[in-house]
Amino acid sequence: MAEPTSAKKLTANELLVRKLKETFDRKGSPPNEGSNVWVMAAAAKPFQKGEDNGLTKIPDDGHRPTHRVRVVLRTSHAWEANPYVDGSDFFLEVDEQQQKAELVWEEDCFADAPSLHGSEVLTAIQWATELTNSLLYVCLSDPFLNETKRQQTGDATKQTGGDEEPWM
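Here the working numbering runs 109 ahead of the position in the sequence shown, where the first position is 1.
Bear in mind the hints are in silico, worked out from the structure with no lab data behind them.
Every residue, glycine too, gets a C-beta built ideally from N, C-alpha and C.
Be aware that one or more of the hints could be misleading.
[What the hints assert, rightly or not] Think about it this way: if two alpha-carbon atoms lie no more than 30 Å apart in a straight line, the pair counts; the simulated DSS-like pairs of lysine-lysine are:
#1 Lys130 x Lys117
#2 Lys118 x Lys136
#3 Lys154 x Lys130
#4 Lys136 x Lys154
#5 Lys117 x Lys154
#6 Lys118 x Lys154
#7 Lys117 x Lys128
#8 Lys118 x Lys128
#9 Lys117 x Lys136
#10 Lys154 x Lys209
#11 Lys128 x Lys154
#12 Lys118 x Lys130
#13 Lys118 x Lys209
#14 Lys209 x Lys128
[To be verified] Just the calculated beta-carbon pair ranges, DEER-fashion:
#15 Glu131 x Pro223: 14 to 24 Å
#16 Ala116 x Trp188: 33 to 43 Å
#17 Ala222 x His186: 15 to 25 Å
When you get a sec, could you build the whole thing from the sequences and use the hints?
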């Protein structure tokens, strides 16, 4: 008789990070590698109906988010990480039982220019923590560059050594 396999259930925060990375992380493509895009920082808090959420109106589509997530995106080229970043708020519905997280109201979230546009990294981190006092996720260096490429490009934002995972 085979032993049942039990996969570790992800927490709501882990599901949020996974969905954000699936949605926004993009590696540039050859021949000239293009731009890489990644989630540099994210902060999340439970969604509260009636709170000022930055939307002009709450869509009446039957979906209700469980979380409001403030996301900061960063880009890099083959030669360096962009010193300026953009950020926006997104709303997600997390179902820990089903092990999934989905964007809701995305048309409204993607409709306008980013809430934070062309900001410096430190200012963006401060902006993200205005939503809640702690960050859910931080990755200052381009996750698509290997350590050799980071050294060649002089990526000064690398915070961890070797191939360690970003702080989460």
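| message | Let me make sure I understand: some of the numbered hints might not hold for this structure. Which ones are they, in numerical order? | response | When the structure is compared with the hints, none of them turns out to be violated.
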